[in-house]
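Novice: The lines below spell out each chain.
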Amino acid sequence: MTNKADLRVVSRRLPKVDAGAIVKGAPHYTLDMVPAGALYAKVLRSPHAHARIKSIECDRAMDVPGVMLVLTHEDVPRVPFTTAGQNFPEPSPYDTVMLDNKVRLVGDRVAVVVATDELTAERGCKLLEVDYEVLPVVMDARDAIREGAPIIHDETDSQGIHDAGSNLAARVEVEVGDVEKGFSQADQVFEHTYSVHYVQHVTMEPHVCFSYLDSSNRLVIVTATQVPFHVRRIVARVNQVPISRIRVIKPRIGGGFGGKQEIILEDLCAHLTLRTGKPVVMELKRDEEFYCGRTRHPQYVTFKTGLTRDGTIIANEMRVMANTGAYGSHGLTVPSNTGSKSLPLYKSPNLRYVADVAYTNLPVAGAMRGYGAPQGYFGLESHMDEIAHSLGMDPLEFRRKNLVKQGDTDPIAAKLGEGKEGFERTIRTCGLDECIELASRAVPGSGDTPSGIPYDRKKRAVGFAVCMHGTGIPGDDMAGATIKVNEDGSFNLLIGATDLGTGSDTVLAQMAAEVLGVGLEDIIVYSSDTDSTPFDVGAYGSSTTYVSGTAVVQAAEKVRERLKEVALELMGDDAGDMGFDHGFFVSSSGRRIHVKEAALKSFYGEDKQQIAESASFMTVDCPPPFCACFVEVEIDLDTGRVRVIDIASAVDLGRAINPTLAEGQIVGSVAMGIGYALSEEMTFSDSGKMLNASLMDYKVPASVDLPDIKAFLVETDEPSGPFGVKSVGEICVDNVAPAIANAIYNATGVRLRQLPFTPERVLNALKEAGV
Amino acid sequence: MPLHERQVPDLKIKISVNDRAFDVEISAGETLLDLLRRLGFKSVKHGCDTGNCGACTVLLDGRPVASCLILAPQVDGSTILTVEGLAICGKQLHPVQEAFIETGAPQCGFCTPGMIMTAVSLLSENPDPTRDEIRHGIAGNICRCSGYVKVVDAIESAAKKLCDRDAGHDE
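Protein chains in written order, with the numbering used here: chain A, 1 to 771; chain B, 1 to 171.
Errors might be hidden in some of the hints.
[To be verified] Straight-line distance between alpha carbons at most 25 Å, and here's what the computed BS3-like set of lysine-lysine pairs gives:
1. K91(B) to K24(A)
2. K601(A) to K564(A)
3. K160(B) to K24(A)
4. K12(B) to K42(B)
5. K564(A) to K608(A)
6. K24(A) to K42(B)
7. K14(B) to K42(B)
8. K285(A) to K42(B)
9. K102(A) to K54(A)
10. K405(A) to K304(A)
11. K102(A) to K278(A)
12. K181(A) to K304(A)
13. K91(B) to K710(A)
14. K564(A) to K596(A)
15. K161(B) to K24(A)
16. K458(A) to K767(A)
17. K415(A) to K304(A)
18. K278(A) to K91(B)
19. K347(A) to K420(A)
20. K699(A) to K459(A)
21. K767(A) to K4(A)
[Unchecked claim] Pairwise CB distance ranges (calculated):
22. K126(A) to S16(B): 33 to 39 Å
23. D166(B) to G605(A): 51 to 57 Å
24. T409(A) to E133(B): 48 to 54 Å
Please keep in mind that the hints were generated in silico from the structure rather than gathered at the bench.
Yeah, the Cβ is synthetic: ideal placement off N, Cα and C, and Gly gets one too.
Please build the complete structure, drawing on both the sequences and the hints.
Specialist: Written as structure tokens, this is what we have:
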């Protein structure tokens, strides 16, 4: 642990290393770099949610001047894979192929047209004549697993599907203690079911990639991805070329939020370059993002909780029915996480978690900020509020009585890992009390009559919810870092970690600078290029600052040791015990040699050398951050409109390497949580076509829809983290929706158990309750 | 038949982008967004292509527009400013750019060029906006990362910088 007062670069509000380039509009995103003359590939997408392709007539498309290539399922290798960018072997089912003879959702790939330009490729797509055998459609997870439902994955070569004949992509069941016995001993048992809906990441930059062959005939893929190394491995496997022949470059990314932890374009784009020998570019347009990008798993979440007379939880069961859409990307691990992230928050000797994950003919669910936890917490934190009110207890006191505390162990973590058994976890740091204190004080509630409107038609109240999350995927995540010394005492920091706008390039550079005793400007960050940066699983699981950060700190320490040897040499006999003081090696006699001087001498002294060190890090630790969200809402009883008046989120993140960037993560997460709770909802026709696939009709919060969201940082100095960090990137999206639900209850006495709280849904609920 | 499939003779227009004159051939269906990117102004982004996200915002004769909704033939004779042309004499950052860096407003940065252009226009019309007026001013620019707080902070700070600068000029 480092004394905070000693820190010169870490814990400082320094501008992001890429901020200057961003505000100048530098051409540093994937689509800005496409080589001149690249061919444009356009996918013909299915208009049907479920159909078999009987035939595709390509001749008319091929006749269009400028159309170079048309491929259907008959022309490409059939290698089942998962689009989920996860560690090998991926815990997601291999149920996807490059092009198939069956389509399973509106927007599924049918064929691809490669042409000299976008318009010609589009024209080619329009001229393809496809004969479909349209099949019955299933859209709800509960319907999908009923007998007689249309079987979505009836192919014989998929692997890892739990029970394809029942449309079950995955199933999870774990138990700690004996839940049935716990219920039988309980004085009272409460059971409620909640449902959460389809939403999407809506990164401002849609998915995009391009590929080309370099002068050595190697395949180079430039892509907006969170997982360059997984892209390399999966593209190699699907296209049956060696990993060594592929180089993946990740430029700056225009947002990810989990949506770019997927191989949505690269498998096919790479294939087209291998086929034509030419550069090829592929992108999703905004409507395609909605149809065939990824989404947050819709779920039905049921909690059943047994308590003693004094309000102590003695049994807690959580049952989930999740909808993974047409393919099972992250289909096992997201629903696993729904339980493993939320159930441990309240202590109980008896815990059970069961999740069934069904295929449907709707858009594919996947990784999305929170990774299953927002679904679980909407249920859990609504349910706990309901229990407290039923018991006549103060909701905060009821929670305090049962919340996990510092020193407690988390028995679920050992049973429920990344698609397999996990690792035991002890809570070493927990700042939740302080989080509650800060957030509750920041949202005191106005209780005032909104001006100009009769008060009794608008109701205001405060509600809250708490949560915990994880930091990295224990036993799974691994990150490498390499640091290379330059003559002027600057350092190249090469990392596989992918900055998707989170600021990880900056915070990792801050850590390296701190250890090396130099300024942030002395660290030249490069991420990520599979040819020149070390492996990193990528940016997901709230891991980067903790896992990649530890690798960076260890690499920097090794470099500092090597430079110390150079300094020792320079000082000769009078070195004694060498200390290190903010960039200076200090001998026992007080002689000081700066890192930069040692760096220069390492190149041009007696013993010439290139000092460069690498380190990699993995751990079975996963220290949980904690968060409290307090919100004041206003409900218009005449229109059902819910408005967030005031909201605060306080997070125990261990330590903020860069407080400004940490606040950015918190506020952005809360905004996403407000969208999830109030306005964002993908809606579908009876035949499975999304009805609002545009940013006109799918309502992402705009500036006028949000108040000044307040963020608070609580630092508990986690002993296992570099400089005491845990994580901050995902947690604050987890508890916004239940906090709003609880506030709506406090204002109106009406309990809403179905997201999102659109005016229509709220008004109907108010009417039903006679409010 | 869609517009872009008709046989329309290629057109030639004259425009000024960031104080550079261009005499360019365009096709009838080309958007201002595509034209600007083709001319090398890559700060102008494809976010939605339907005028809903604001990532392609540029100043057309001083007014902010979604360049994805403007056809190139409409801008003949016009003056266009993108974020690449905002720095004073091409070097010194504009106060809005400076403020965005200092407050930590950009995260992924994809919306930032459009957001900055909207902010520049807002501050030229209303040099001393309230936070609420700023929120209304940028309502057409979606940012998915920031929750807008630091963006509003940046524009507030830029207003002060511009005000101080103008006061300095008056003396």
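Novice: Is the Cα-Cα distance between K285(A) and K42(B) 25 Å or less?
Specialist: holds (17 Å)
Novice: Take the C-alpha atoms of K767(A) and K4(A), compute the straight-line distance between them, and say whether it is at most 25 Å.
Specialist: violated (55 Å)
Novice: Given the hint that K102(A) pairs with K54(A), does the C-alpha gap stay at or below 25 Å?
Specialist: Holds: K102(A) and K54(A) sit about 9 Å apart, inside 25 Å.
Novice: So if I understand the rule, the pair passes when the alpha-carbon distance is 25 Å or less; does K405(A) with K304(A) pass?
Specialist: holds (22 Å)
Novice: With a cut-off of 25 Å on the C-alpha distance, tell me whether K12(B) and K42(B) pass.
Specialist: This hinted pair holds, its Cα atoms lying about 21 Å apart.
Novice: Does the alpha-carbon distance linking K181(A) and K304(A) stay inside the 25 Å limit?
Specialist: Measuring from Cα to Cα gives roughly 13 Å; hence the hint holds.
Novice: Measure nothing beyond the straight line between the CA atoms of K564(A) and K608(A); if it is 25 Å or shorter, mark the hint as holding.
Specialist: holds (15 Å)
Novice: Is K458(A) close enough to K767(A), meaning Cα to Cα at most 25 Å?
Specialist: Given that 25 Å is the threshold and the Cα spacing comes to 15 Å, the pair holds.
Novice: Just to be careful, I want the Cα atoms of K91(B) and K24(A) compared with a cutoff of 25 Å; is the pair within it?
Specialist: Roughly 10 Å between the alpha carbons, so the hint for K91(B) and K24(A) holds.
Novice: Between the alpha carbons of K160(B) and K24(A), is the straight-line distance 25 Å or under?
Specialist: holds (21 Å)
Novice: Is the Cα-Cα distance between K415(A) and K304(A) 25 Å or less?
Specialist: holds (20 Å)
Novice: Hint check: K24(A) vs K42(B), CA-CA at most 25 Å. Holds or violated?
Specialist: Roughly 11 Å between the alpha carbons, so the hint for K24(A) and K42(B) holds.
The earlier numbered hints that this structure contradicts are 11, 13, 18, 21.
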